[in-house]
Amino acid sequence: MKFTSALILSLCSATVAFSQPANQQAARAFTVTRMIEKFHVSPRALDDSFSKDLLSSFLAKTDGDRTYFLASDIAEFNTYATRLDDEIRQKKPDFINLFIRRYQQRLQQADSLIMAISAKKVDVVTPDVLTVAEDTSYPADLSALRTKYYKTFKSDMLDQMADILPSTFKGVSPQEKKYLDSLEIAVRAKVKTKQHNSIIAALNYPGGFVQYVGDIYCKAIAMCYDPHTEFFPLTEKENFESALGQQPFRFGFRLKASPAGGTIIDNLQPGSPAYKSGKLNSGDKIIQLQWEGKQPVDVSSSSREEISELLDASNHDKLFLTVKKVDGSTVQVPLIKERLSTDTDDRVKSFLLKGQKNIGYIYLPAFYEDWEANSNGVNGCANDVAREILKLKKENIDGLILDVRYNGGGSVGEAVELAGIFIDAGPVAQIKSREPKPFTLKDGNVGTMYDGPLVLMVNRYSASASELIAGTLQDYNRAAIVGSPTFGKATAQVVFPLDTTVTFENFSKKQASSYIKITISQLYRVNGTSAQAKGVQPNVLLPDLLDAYGTSEADEPMALHSKDIEANKYYKPYPALQISSDIANWVKSNEYFTAVQQLVAKATAASAPQPVTLSLKEAMQRAAQVDGNPVIKKEIKSTSYTVQNNTIEAGRLVADDYSKQLNDAFIKMLQNDAAVEAAYKVAAQLK
Amino acid sequence: MKQKLAILLIACVTIVKSATAQDKLDNPGNYMNAIGAAMAQMNKVYMSYISAVAHNKRAKKIEKLRQQTVDAITNSKYAVIDLPIYKGDNDLRKSSIDYIGMTYKVFNEDYAHIVNMEDIAEQSVDAMQAYLLLQEKTNETLKAAYTKMSDAQKAFAAKYNVKMVDTKDDLSQKMDKANKVNHYHNQLYLTIFKCNWQTAKLMDALGKKKINDVEQSKSGLLKYAAEGFAVLDTTKGFEGDTALLAACRKVLVMYKSVGNDEVNKLSDYLLKNEEFAKTKKNYDAKAVKTKEDTDTYNNAIDQLNTAGNVYNKASVKMLTDMNNALTGWGNAENNFMKSYMP
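Residue numbers (the working numbering), protein chains in the order written: chain R, 1 to 687; chain P, 1001 to 1342.
All clues given are correct.
Computed cross-link-like contacts, DMTMM-like style, restricted to lysine to aspartate or glutamate with a CA-CA straight-line distance of at most 20 Å:
no., chain 1, residue 1, chain 2, residue 2
1, R, K432, P, D1119
2, R, K569, P, D1126
3, R, K660, P, D1284
These are calculated hints, taken from the structure and not from any lab test.
Okay, chain R solo, but in the shape it has when bound (with noise of 0.2 Å):
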């Protein structure tokens, strides 16, 4: 009881200090939908059912685990569900002043129940069962959240120690049990840390509590229009940066924190180790760091900055680094920071596939652009796809393979410079903003510079200026596209400072103390369709471990669904391409392409929401689905080609030994990949 009154009385006196701060967060929130409303491309009305959905990403973004707030709270809440349109278009703060208070007072519930269950052995081996029901739903009592909070505790520990036991662990031997016991206690604190950390990081935020929840707000406001219209307060200058361009790439990547938890790569750096070794991706989550001659360092729920300080404080020249792939796998990666230099060579990578015939390839893993004012594009991503098409040239190749798997796009100007290589001039898409008329960016260059048989590589993780190419060389049947549908991002943003006097003429040399992305326009094929939510088809279509594990464009609730527009008048497109139904047969009875159907579709069945069984036994199974699948590890060497150099860069190969190492890996990654022998199969047999 005494507590109760305690409650109360904090409360109360919370009330008077916050009232201020809200009504400034409120006149941030109308700020923000003004700005939207004003730059988008198709701004959604501020009606009932834009306020459902504000409400529910808001929680989504606040307690994502339906670990803090109570059912009562949130019928409290739903109370508003119809109200927050008027709510920001009156600048009310009556919804931010109570969110606020309860929000507070759960996270420092929830800070109490870590440390009274981080203060007790947590018993890993005999089985929990977190429902469906208790997962899906928020807690009704005090009681009900605690038993919870302790499961996801646990499922938490669970999977931090799944990651770190080799797969043999049964954990029966005294040995064993004995390492388990002081296993449980290290990752145990290391979780209570994490939790907490996150929770007090929330409390005394920089600008003060009311400012975090005020920041929140603005974000899930944001994402109502679209998944990458965003909002960024001051305190993520990193992102914001990030989102500009400006943010310093280490070792050739950058870093971001991931939804999940842990610090994922955000992008690549165009030339750098990271990128030129082929085996990193965006998305990719940092497991482990490990210097040369060193004890490794976990860092599986280390956060950006602390990794960056790690990468920062060391002058040792080779790194280990250790990153979980999206689909589970892991991934050791050698780096040497001391090449790290501004080196621009050889960032687009080719070889030779040399079998019956000898067909070309080309990785390109992003639409860089030439940065430098006077030097018309030469260092651009396009131009270095040329040279490589010219190298290849000189070796007469039959056909030609471009791999854009993974590429997330980048500048739209290099993506047609690069549809420019491949079609006579000509449109190559259509952007259309608020304007009624859309405007054809085109390929001036008359002529090509490679027209022989093309086949063009995609994932799931083929976004933006990836998807642009790929309908284009589509539309005008030019190329085969091979592999799984692309993302499905065909919108272009604006990075603005907050101010709703910005124009698109001088937004760029405002500033302001927090910016705002807006999506200012939405890309379309010649043909008159999109990609946006859809992706690019392939006409060939390989199973793919992301098919399972990735994430596209439609899985967000918020994702822009564009409408047709007519098809440009003046695209010519070549006779249409001839497949033959031999690859269709030899994907279906690939072994490697059949263990990942088969894979793809237990994990699809899994996906739909089940109980989750909480044991160590059950958390390795599931960490062993991919990481253990014999065929998936397997190296299956492809019988159809060998791969080489060519002749131009050979010989400079053998005087570079990093340089070769990292080209030696690369030939041996594409000697095993079977998504390539399959390109290379319709390559051969393209006119």
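We have chain R; now place chain P onto it with these hints.
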């Protein structure tokens, strides 16, 4: 661009056999003749202008004649406007005024009022395509206006029982000839014009050392040369004279060889040069250099030097060949105009 592609006006002097000798305009024959006379004046000045252009007269004289043509067109327009509407029937008068108005716009290069410039911009990918498309559309519009007037004449004659006589005076014969000469020249010149344009782009790309643009311009050049050969294959000599045709073929043969041979040597050097820069960077970065390192480096220097020599020879050859072929074409053009343009 050495010479503009001329847009041609069409001779439209209508001779009518008058039913009576009266001068009065209420006679339909006289009315038609009055319109014809107004336009004859403008055609006469225009003919002098086009002849001066063809015979390479001084620029000052050409400009003076152009101005005179514009004035003459204006005068013709007013002369027709001054005519009364024929017994409430304005079709012939109106279509004649429209046609003259159109020629005025063409002469003043007021293209925005003739064709849909936005549509042209949308359809074309570079300035050359836009220019050619503009010429084409302008010609189409001008022809349409002429056809409309011509139809109105026939309808007028039929309605009022006027007999039109198909006899041509000296001026219309000259205009017909000038049209034929220009048309013949234009279709050959167009093939060279496209190749010249593409070569300018190629040179620009080489200057920028941008391989993508070099290779695409090369392929564009070969495409235009092939298109040109197709035109030559279906074109006969002009009144049996094949000199212009032969000169045109020489230019196309030269461009084909530039695209097929010379450019490859130039882009090969660009590639080797870049590759050498990388090798040098690696070599310079090594504190301790092994014999293998030095061999690789020296080998790269040799390769670069060889490619450099080939590059120099190819550049000189390319420029000389171009100069010769284009001078030959220029001479053939002059002879052709001298011989055939009235």
